[in-house]
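Those protein sequence lines, which keep their order, are chains B and A. So for the first sequence, numbering that gives the first Met the number 0 puts the first residue at 0; every next one is plus one. So for the second sequence, numbering that gives the first Met the number 0 puts the first residue at 0; every next one is plus one.
Hints may be right or wrong, so weigh each one.
To be verified - Among chain B residues calculated to face chain A with C-beta under 10 angstroms, some are:
(1) 251
(2) 257
(3) 260
None of these hints come from the bench; they were simulated from the model. Note that the structure is a prediction, hence the values are computed from the model and not measured. Just so it is clear, CB atoms sit at the ideal spot from N, CA and C, and this is done for glycine as well.
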Amino acid sequence: MEVGQQKEWASKANAGNRPRLSRFLLVIAGLAVLLMIAILAGTTVGAVPVKVRSVVSVLFHLGSFGHRSWTAADEAIIFQIRLPRVIASALVGGALSAAGVLFQGLFRNPLADPYVIGSQGGAALGASVAILVLPHFSILGFSATASLAFVGSLLTMAVVYWLARVGGRTPIVTLLLAGFALSTILSYSTTFFMYLNPQSELATRMLITWMHGAISISEWPQIAIISVLVTIGVILSLPLARALNALSLGEEYAEQLGVRVEFARMAVITVGSLLTAAAVSLGGLIGFVGLIVPHFCRLLQGPDHLRLLPTAALSGAIFLILADTLARTVIAPAELPVGILTAFIGGPAFLFLLRRNKQEQYLA
Amino acid sequence: MKPILELSAVTFSYGRVSVFENTSLTVQRGERVALVGANGAGKTTLLKLAAGLLRPTAGNVFLEGRDIHQTRRREIAKEIAYVPQQLAIPFDFTVQEIVEQGRTPYLRMLSGLSNHDRGAVEHAMQVTSVTHLRRRIFNQLSGGEQQRVKLAVALAQEPCLLLLDEPTQHLDIGRQAEILELILELNERGVTIISALHDLNAVRSSFPAIILLYLDRQIVHGATSLILKQETIERAFEIKGLGALSNWVSW
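Kindly produce the complete structure, drawing on both the sequences and the hints.
Right, here's the structure in full:
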């Protein structure tokens with residue numbers, strides 16, 4: 000290429016790119032601040048209120064010359080009860096939202112959610128086996144429920160992928176149908192399993208709560224492991240963003256743009272499955288987060304997946320901290336499964352966005 | 000010099016429906032070729048085989064002498080751009096975001112667009128006259144505008160071979176003329192063009208070479224003036240009698 004033409008191109012190049020980048024960074028910075036505020040609020044609010052000052056002091060070990068400005072009870076509440084739960088909510092919300100972005104991009108469908116290829120059924124069956132058969136088992140801070148839900152979720156998605164794969168390719172529609180069928184079979188197996196074990200009403204109630212999303216008070220080692228998994232998942236999803244953008248234009252078109260479609264699809268499913276399984280193991284089956292947060296973020300940042308993924312991860316974390324804080328305070332000292340709240344908030348919000356979009360389309 | 004595209008004894012079928020049998024074809028660099036045939040004759044299939052998006056059941060496709068299925072997908076995308084008839088996009092990408100995707104084969108996994116990439120995008124938008132649409136949502140554009148954006152993506156790929164699948168379909172005659180003019184301009188800039196077209200007058204006026212696909216799986220390839228005749232058209236489109244045809248083609 001001629002040098003002259005290159006110069007001409009370079010001068011054309013700066014038109015219209017800078018504002019988008021600064022807007023993106025602004026949104027990310029804003030969300031990061033909101034996340035901090037949500038963590039503080041979630042740690043402060045609860046059945047027993049704790050002062051914001053105490054929370055900040057405990058978190059950052061502030062105190063003048065060894066003098067502690069908080070009580071031992073405050074410290075216990077913050078470190079052993081509130082903070083683990085708030086962090087767990089953030090991880091679950093972030094993971095589900097990022098997975099939602101991945102699966103919506105892969106399936107080219109804004110109605111896809113993290114459970115779309117069957118993890119729901121597998122996780123539920125795993126959890127039911129754990130709750131009904133192994134209630135006291137625990138490894139590395141993971142209850143049997145958490146471990147078996149994680150394994151069940153991952154296994155189901157692997158089986159669905161294997162079932163849908165024909166002659167070196169995995170057609171999207173086959174993948175969806177296989178996921179739907181397997182998830183339904185496993186969900187009904189869960190119900191069947193519950194009928195076979197009618198002796199324990201408590202266990203059944205626990206399972207129902209779990210199936211509607213319940214972030215229990217987690218132990219730190221468990222949170223550490225899941226946060227590593229979620230961080231790895233989100234980081235690994237970023238290099239897939241460009242392939243997802245291309246896949247949004249259609250598989251064949253993505254291929255003509257140089258994307259190795261089958262490899263990209265496998266990578267997206269693997270990372271999405273990992274994120275979903277991590278979320279499910281901490282929080283049970285929480286609906287609507289992975290559906291509505293990506294949708295909301297698309298309105299905020301546009302559909303570019305490289306911007307969408309971090310935005311959705313942060314927004315999902317904030318959303319779920321707030322929802323879970325509400326879930327444990329609305330009818331305190333009792334708690335609601337957080338899934339009920341995400342449905343109550345997410346459902347109407349989703350309908351609102353849907354109607355607004357529709358109106359825009361008619362007006363356009 | 001090696002031909003830019005060569006189909007060598009290619010056989011292809013969808014399940015039991017055979018589309019090409021032992022078909023051979025070469026297109027030289029710089030040519031402007033119209034691909035003509037009835038619905039179902041295999042125009043789209045031929046374009047997809049040429050783009051390496053479909054794999055022949057037998058035979059080979061060569062891009063400048065290299066077997067297309069032995070070449071990395073990314074390398075092919077730098078040389079061939081395929082523009083499909085339809086581009087359905089479920090999300091609200093802007094025109095600029097779509098055209099930037101034409102740079103996909105040139106980008107490393109996490110790297111952003113370089114100045115050269117941005118320049119290529121701007122250039123592509125300028126040539127196709129879509130620069131003023133850059134912030135518009137692709138899905139809200141008119142058919143003619145969408146067609147130009149699709150061509151802009153292809154140009155951003157900086158291809159030497161452009162495969163177009165009925166680029167003037169559903170456009171009014173003014174927009175058809177714009178697209179044809181753009182095709183001529185690109186060809187003059189050195190891009191080899193193979194385009195499926197239904198408008199035989201446009202083929203006659205703007206395409207020196209033609210590939211005519213018959214429904215019986217025969218193919219003829221050569222100078223438009225020699226091939227585009229009443230008998231061949233009647234055979235290709237299975238039309239009997241001149242009456243019906245003379246309304247459509249000025250001989």
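Hints versus structure:
1. For the restraint placing residue 251/B at the interface with chain A, the shortest Cβ-Cβ distance is roughly 6 angstroms, inside the 10 angstroms limit, so the hint holds.
2. Restraint check, residue 257/B versus chain A: the minimum CB separation of about 3 angstroms is within 10 angstroms; hint holds.
3. The beta carbon of residue 260/B is positioned within 10 angstroms of a beta carbon in chain A (closest approach about 8 angstroms), and the interface hint is therefore held.
Of the numbered hints listed earlier, not one is contradicted by the structure.
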